[in-house]
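Per my numbering: the sequence shown = residues 17 to 312.
Honestly, the hints are just simulated from the structure, not real lab data. Be aware that one or more of the hints could be misleading.
Taking lysine to aspartate or glutamate pairs in the DMTMM-like style, the calculated list, with each CA pair at most 20 Å apart, reads [said to hold, decoys possible]: (1) Lys265 to Asp294; (2) Lys153 to Glu284; (3) Lys195 to Glu213; (4) Lys181 to Glu161; (5) Lys82 to Glu131; (6) Lys193 to Glu143; (7) Lys243 to Glu299; (8) Lys195 to Glu208; (9) Lys77 to Glu131.
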Amino acid sequence: MIEEDFYLGIAKRKLLDIVMSDIFYGVSMPTQGLLMLYGLPPTNIPETVKEFKRIFVDKEKLVEKKYADILEEIMIKYYKGYEHEKIKEVSGKDIDRLLKNSEEYLKRLKELRIEIEKSMVKKTFSEIYTNVFKIMKSLFGNKTETQLIKKYEKEIVNKGKGNPKFLHTLNELVNVKKKYKSKKAPSKYVFETLRKECVYLIDSLIEYGQRKDLGLIEKTKVVLTFKGKHAELFLTKPAFLIQENKIQKIQGNKIMNSNINEFNQMIEKFKGRKAKIDNEMMEVLKKEFGSFDINL
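With the hints as constraints, model all of the structure from the sequences given.
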């Protein structure tokens with residue numbers, strides 16, 4: 017009798033081991049990995065169950081509730097129940113049911129992973145598309161994608177200020193957007209190629225914008241030389257003086273202290289236009305510097 021009880025105890029422990037190791041780890045690790053793929057930090061057991069239901073069942077509505085129930089039963093009822101000594105044995109019938117449920121759950125998890133990856137690719141594409149054409153609009157005005165691409169070709173490619181291959185990149189962005197609208201996602205290779213090209217495209221657009229801004233600043237600037245020194249005069253309204261890192265503005269018949277923020281706002285507003293030096297400004301400058309020369 018003692019021997020029978022001994023072997024029966026071993027059999028029960030082995031059944032528990034199946035639940036606690038094979039089934040539990042079989043569903044918990046892929047689930048945690050999926051949550052991390054979604055963007056969550058690593059989660060503990062209760063958080064894993066809670067977040068899986070919150071995100072994929074309630075929020076995104078990508079998974080049926082029964083899969084959240086399967087996960088909760090395995091991880092909370094059985095595994096945590098075993099830890100807290102609430103579950104001390106499990107029947108062979110329950111093992112069969114849990115194995116069947118875990119297999120069904122893992123199959124659905126694989127499908128969910130594919131859906132999430134597709135969703136992430138679409139989201140990343142949307143961000144890239146928005147960033148590229150936002151920069152394009154800041155450079156060329158609030159135009160349609162087609163008009164912006166033509167402007168890019170005219171102002172950058174035809175004038176030798178950028179790489180001609182980025183014309184293809186811009187057109188490919190528009191094509192992929194059309195595919196998404198018709199529910200035809202691009203292949204992984206097409207997306208990755210486009211994503212890498214857009215990194216360089218964005219860098220080149222930012223560099224072009226910086227050069228353009230510098231050119232606009234230079235158009236408003238004249239240099240004043242006096243007593244062996246010089247100052248930069250920016251012909252905006254009001255005009256700005258920069259001398260030895262000190263920023264001032266000419267307001268009426270006075271020279272007043274200013275700052276870099278106010279200066280940048282005025283340069284942005286003028287966009288390369290240049291005001292004239294009138295008699296009142298000449299008198300203010302003579303009073304400040306005495307005799308001076310203007311170098312355009």
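Right, here's what the structure says about each hint:
In summary, the hint linking Lys265 to Asp294 is supported, as the alpha carbons are separated by about 15 Å, within the 20 Å threshold. With a C-alpha separation of about 15 Å, the suggested pair Lys153 and Glu284 falls inside the 20 Å cut-off, and the hint holds. Restraint check: the Cα-Cα separation between Lys195 and Glu213 comes to about 19 Å, which is no more than 20 Å; the hinted pair holds. Of the pairs offered as hints, the one joining Lys181 and Glu161 holds, with about 17 Å between alpha carbons and a cut-off of 20 Å not exceeded.
Only pairs whose Cα atoms come within 20 Å are accepted, and Lys82 paired with Glu131 is accepted, the gap being roughly 18 Å. For the hint pairing Lys193 with Glu143, the CA-to-CA distance comes to about 12 Å; that is within 20 Å, so the pair holds. Distance hint between Lys243 and Glu299 is fulfilled; the C-alpha atoms sit about 17 Å from each other, no more than 20 Å. Between the alpha carbons of Lys195 and Glu208 the distance comes to roughly 16 Å, so the proposed pair stays at or under 20 Å and holds.
Simply put, Lys77 and Glu131 have alpha-carbon atoms about 12 Å apart, close enough for the 20 Å limit, and the pair holds.
This entry satisfies every hint, going by the numbered hints stated previously.
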